[in-house]
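Add chain Y to chain W, keeping to what the hints say.
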Amino acid sequence: MTVKPPTNIWKLVAIQALVLASVGSAIGVIDAFRRPINLSRTTVDVNDLLKPTTPPAAVAPTPTPPTPTPAPPMAKAEPAPTAASPPTTATGTATGTVNPGDAGWKPTPEAALPKGQITIEQAKRLFDAGAQFIDTRKKDEYEAGHVQNAFRIGLSNFQAGDPALLAMIPRDSVVVAYCSGGQCDESEAVARMFSGSGYAKVFVLHDGFPGWKVMGHPVQTGAGMQAE
Amino acid sequence: MAGIFLGAVFLWAAWKKIAPLGSPNPPQVFASSITAYKLGLPDWLVTFSTFAVPWTELLAGVALILGLWTRAAAGIIVAMLLLFIGLGISALVRGLEIKCGCFGDGTLFCTGGLGWCHIRENLFLTSLGVLCVLARPRGTLDELLGRKTF
Chain W
1 MTVKPPTNIW KLVAIQALVL ASVGSAIGVI DAFRRPINLS RTTVDVNDLL
51 KPTTPPAAVA PTPTPPTPTP APPMAKAEPA PTAASPPTTA TGTATGTVNP
101 GDAGWKPTPE AALPKGQITI EQAKRLFDAG AQFIDTRKKD EYEAGHVQNA
151 FRIGLSNFQA GDPALLAMIP RDSVVVAYCS GGQCDESEAV ARMFSGSGYA
201 KVFVLHDGFP GWKVMGHPVQ TGAGMQAE
Chain Y
1 MAGIFLGAVF LWAAWKKIAP LGSPNPPQVF ASSITAYKLG LPDWLVTFST
51 FAVPWTELLA GVALILGLWT RAAAGIIVAM LLLFIGLGIS ALVRGLEIKC
101 GCFGDGTLFC TGGLGWCHIR ENLFLTSLGV LCVLARPRGT LDELLGRKTF
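Heads up: the protein sequence lines correspond to chains W and Y, in order.
Counted from 1, the first sequence has number 162 at position 162 by this note's numbering; the numbering is strictly sequential.
Counted from 1, the second sequence has number 112 at position 112 by this note's numbering; the numbering is strictly sequential.
In isolation and in its complexed conformation, chain W is listed as follows (with noise of 0.2 Å):
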C-alpha cells in the first residue's frame, strides 16, 4: 500500500506551523498562571493620605485662573497649606486644549481625575510631605526644568528589570510620577511600573510639570538624578 505524496506541501507547512504556535500559546498561558504578572497600578486613595493636614472644605471657591508665573531654579518650597490659608480647590472643567499658561487654562479638578491620578494642589501637599517626584520625560527636557528634587526615570529604564535609582526609593514611599500633562502617558506608564515594582503608594500628577510650573512651585534645572 503507498500512500500519496500530498500535493501541496504548503498545506502541510501551514498546519505545522499552526501547531508550532498553538503549542507555544498554550504554554505561554499556563506559565502566565504560573508566574503572574502585575499591568495594573495599584494605589491607595490620595486623600487618605492627606487626611491629617486636609482643612475644613472651602465653600464655593471662585475660579481663579493662576497668573502663569515661571518659576525661578530651585525655588524655595512653599510652606504647607494650613486651615488660616486653605489650598486653592480647583475649579472649572478639564481643558484638553488650552495648555498650562495659556489664558483661560485652569488646574484640572479633582473630580474629573481618573482614580490614581491627582490634582496641582494634591501633588503639593505631597510634595511638601517628602513624596518623590519622578520625571518621566525625556533627557532634556528633564534639565531644562523639572520638580525640584525629582528623579527621571523613563519606561524604558524598566526594561532591562528594575532601574538602580529604585534602590533609592523606599517601597513604602509616597511616588508622584509626571510628564507633559495633557495627552502623554509615559507617566501612567511608569506609575504601572513602580506598581509593578511592589510600590503601593504611586499617582500620577494628571497636570504634568507644565501645571506645576505655572503654579509657582519649586522646580530646578540641570542633570539632576537620572537612570541610566
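Please note: incorrect hints may appear among the correct ones.
To be verified - Lysine-lysine pairs mimicking BS3-like chemistry, simulated, CA-CA at most 25 Å apart:
1. W:K115 / W:K51
2. W:K138 / Y:K38
3. W:K115 / Y:K38
4. Y:K38 / W:K139
The hints are simulated quantities; they were obtained by calculation from the structure and are not laboratory data.
Chain Y in isolation, oriented as in the chain W frame:
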C-alpha cells in the same frame, strides 16, 4: 547552517525573556518592554504576548536547530520578525526613545536604544528565515525521517 544559527538566536532570545535575568520576575520585565512600544493594547493581550511570544520563539528555535518541521518553524520566525520590524519602525517614526527588548537585556549586533540598526538586524534575520522556508533543508531530521514537507 542558516537554520541552526537562526534557531540558536531565537532560542537565546526566548531564554532571555522567560528565564531569570537577575530580576525576580523576568516576564514582568518583558511586559514593560511591550508596554514601552505604546500600542494601546489591552492588559490581557499584553499578558498573553508576554508569555506566548517567548514560548513560541523557543519552540520554533528548537525545531529549527533540530531540523524538525523546518519550514514551519522558519515561517513562524519570519512572521514574528516582520511583526517586530513593523513595531520597530512604528516606534521610531513616533520618536519613542525605548530599548528594543528583542533579547531581554541582551543584544545581538546592535547596542543602545531602539534604532534603525535593529531594523536592519531583523531584516537580516528575516532573510535567513526566508532562506530556510524556501530552500530544501539538507541533513535535517525532516530529511532523515522522510518528511514530505520539502
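Tested hints:
Among the hinted pairs, W:K115 with W:K51 is consistent with the structure: their alpha-carbon atoms are about 17 Å apart, no more than 25 Å. For the hint linking W:K138 to Y:K38, the alpha-carbon distance of about 15 Å falls within 25 Å, and the restraint holds. At roughly 21 Å between alpha-carbon atoms, W:K115 and Y:K38 fall within 25 Å of each other, so this suggested pair holds. The hinted pair formed by Y:K38 and W:K139 meets the criterion: a straight-line CA distance of about 19 Å does not exceed 25 Å.
Hint check: no violations occur; every hint is consistent with the structure.
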